[in-house]
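Q: Protein chains in written order, with the working numbering: chain A, 18 to 164; chain G, 18 to 164; chain H, 18 to 164; chain P, 18 to 164.
Misleading hints may appear alongside valid ones.
If chains are identical, the list can't say which one is meant, so a pair holds when it fits in one copy or spans any two.
Below, a list of computed lysine-lysine pairs in the BS3-like style, where the Cα atoms sit at most 27 Å apart [claimed, not checked]:
id, residue 1, residue 2
1, 133, 42
2, 75, 139
3, 133, 75
4, 95, 75
5, 133, 70
6, 75, 109
7, 133, 95
8, 95, 42
9, 42, 70
10, 42, 75
11, 139, 42
To be clear, the hints were calculated from the coordinates, so they are not data collected in a lab.
Number of protein chains: 4
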Amino acid sequence: MSVFQELHGKYIEDLEVGMTAIYSKTITEAAIEIFAGLSGDTNPTHLSNDFAKEERFKERIAHGMLVASNITGVLGTKLPGPGCLYMSQTMKFLAPTRIGETVTTRATVTGINLEKNRVTLKTDCFVGDTQVLDGEALLWVPSREKM
Amino acid sequence: MSVFQELHGKYIEDLEVGMTAIYSKTITEAAIEIFAGLSGDTNPTHLSNDFAKEERFKERIAHGMLVASNITGVLGTKLPGPGCLYMSQTMKFLAPTRIGETVTTRATVTGINLEKNRVTLKTDCFVGDTQVLDGEALLWVPSREKM
Amino acid sequence: MSVFQELHGKYIEDLEVGMTAIYSKTITEAAIEIFAGLSGDTNPTHLSNDFAKEERFKERIAHGMLVASNITGVLGTKLPGPGCLYMSQTMKFLAPTRIGETVTTRATVTGINLEKNRVTLKTDCFVGDTQVLDGEALLWVPSREKM
Amino acid sequence: MSVFQELHGKYIEDLEVGMTAIYSKTITEAAIEIFAGLSGDTNPTHLSNDFAKEERFKERIAHGMLVASNITGVLGTKLPGPGCLYMSQTMKFLAPTRIGETVTTRATVTGINLEKNRVTLKTDCFVGDTQVLDGEALLWVPSREKM
């Protein structure tokens with residue numbers, strides 16, 4: 018069996034509406050620093066205590082897109098996993114995530130189009146009981162028979 | 018003048034439909050390695066030549082969310098810049114971005130709601146002449162008079 | 018169900034001799050640079066073309082420990098996955114890995130001690146058909162009934 | 018004298034049983050984030066406070082292999098230093114290393130085989146007075162006369 022076959026995630030036929038997967042990751046100061054470099058988002062909201070303390074949340078908050086990056090963690094490694102292609106993502110930022118808070122991200126299959134090889138997933142991020150992000154992902158997922 | 022005031026980006030009254038800003042960043046192998054750790058997305062599509070060569074694009078591609086992170090770079094530093102809050106973002110992934118390709122990201126103001134302090138921006142990413150991502154951002158932007 | 022339970026990997030009762038899991042990752046120049054910083058191993062064998070060309074392999078090679086780090090990738094995320102504790106690892110470096118080569122790492126369960134909650138795995142790394150590392154891992158894996 | 022000669026570490030004739038070298042490095046949150054990407058080990062034991070608090074150590078711990086990577090730091094830069102080849106390494110993980118703790122790693126020559134150009138070293142990692150790792154390294158070290 019090839020590396021490709023062994024590492025491949027779920028095929029479209031393996032998916033069912035209601036399936037879920039999660040990942041959990043603490044938002045560290047280090048990740049915020051590094052993500053600033055990778056994204057070019059050096060907004061002092063994320064990097065300067067002095068600036069952030071005069072803003073609405075009174076302290077530095079994580080980049081919304083860094084929080085959202087956990088979604089690709091779930092989709093790309095668990096549900097559906099390797100072999101899928103990302104077609105679109107929507108996200109609403111519902112609450113800020115502060116340094117040291119832990120984000121738990123859940124993806125739930127909400128729709129499957131077998132003919133077009135497309136799957137829709139609800140993507141939710143939580144800090145404790147507070148939902149900080151909701152969104153929807155659309156992915157292309159290969160068929161077993163076409164491989 | 019305080020650090021806060023000097024660093025602050027545009028206020029809602031400063032914005033006009035049609036204003037644009039861009040950022041440009043090469044997608045490096047290093048960024049992909051590091052983003053895998055930050056996002057938890059260790060999908061071999063991004064990290065393994067042996068896996069990727071059997072997929073549709075025949076070589077490793079960047080995480081779509083890493084490409085998209087350039088959007089927050091433009092919004093958070095240039096238009097509207099520090100002081101805004103990210104409310105939502107949509108994105109369609111139109112084409113893959115390969116290692117070493119340079120992503121140029123443009124944000125264009127498309128709508129302003131002065132009463133609710135909200136601005137809508139079209140967000141487009143290009144590699145050369147190929148559009149690799151399109152999307153829309155919604156942000157809360159403070160008023161001068163309310164500060 | 019708690020985050021802990023949902024993210025937990027296999028329990029000792031789930032394991033059987035012969036089970037395998039793999040991961041595949043290209044050894045990039047970026048990873049070598051970064052690993053040099055994380056490990057303190059700034060040996061010019063890994064970082065200087067001028068030094069390396071006078072050595073046995075005539076070009077820079079990856080740190081053996083960077084290649085070996087793929088083992089913890091397989092063990093910590095797949096087999097047995099989250100919840101295990103690393104007790105020991107042996108490794109023999111059989112051949113060098115060069116920049117741009119893709120390492121495929123396989124873990125195979127070779128022994129299970131239900132009383133002591135210990136599992137032994139053979140850990141093998143390959144570049145194409147060439148085995149570059151072999152070794153053995155010992156892990157503590159929790160029981161379902163004790164949780 | 019060439020770069021190669023000036024940078025070269027100890028030759029087999031320079032080594033004596035009992036020689037030691039150390040290195041010391043703090044295990045930072047940043048290193049754990051980045052090592053997760055390099056190794057593919059995104060186990061929430063290392064990355065999620067919410068997951069880790071229900072495990073035995075009650076908080077996130079460093080990847081054992083990240084701690085062990087300090088060994089290659091000592092061997093590759095100090096004893097014997099550039100020019101050696103890594104043949105094998107064993108390691109026992111004796112205690113967890115937490116974020117912010119400083120690992121001091123000592124290598125001690127325990128055996129020399131002049132005919133085969135091989136040297137054995139005891140490799141020990143400590144956090145304060147607590148030994149967190151012990152192991153043994155075997156390296157090939159060149160002779161002066163053969164160069």
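Q: None of the hints should be skipped; say for each whether it holds.
A: Hints, verified against the model:
Taking the shortest Cα distances, residue 133 and residue 42 never come within 27 Å of each other, neither inside one copy (33 Å) nor across copies (30 Å). For the identical chains of this complex, residue 75 and residue 139 are neighbours neither inside a copy (31 Å) nor across copies (29 Å), given an alpha-carbon limit of 27 Å. Taking the shortest alpha-carbon separations for residue 133 and residue 75, only the inter-copy value of 21 Å comes in at or below 27 Å, while the best intra-copy value is 47 Å. Only between protomers do residue 95 and residue 75 lie at most 27 Å apart by alpha-carbon distance; the minimum there is 22 Å, versus 36 Å within a single protomer.
With identical chains, the CA atoms of residue 133 and residue 70 are at most 27 Å apart between copies only, with a shortest distance of 23 Å across copies and 49 Å within one. For the homomeric pair residue 75 and residue 109, the shortest alpha-carbon distance inside one copy (21 Å) is at most 27 Å, but the shortest distance between copies (32 Å) is not. In this assembly of identical chains, the alpha carbons of residue 133 and residue 95 lie at most 27 Å apart only when taken from the same copy (21 Å versus 30 Å across copies). Taking CA atoms no more than 27 Å apart as the test, residue 95 paired with residue 42 passes in both settings, with 15 Å inside one copy and 17 Å between copies.
For the homomeric pair residue 42 and residue 70, the shortest alpha-carbon distances inside one copy (25 Å) and between copies (13 Å) are both at most 27 Å. Taking the shortest alpha-carbon separations for residue 42 and residue 75, both the intra-copy value of 23 Å and the inter-copy value of 15 Å come in at or below 27 Å. Taking the closest pair of Cα atoms, residue 139 and residue 42 come within 27 Å of each other only inside a single copy of the chain (19 Å); across copies the shortest separation is 29 Å, beyond that limit.
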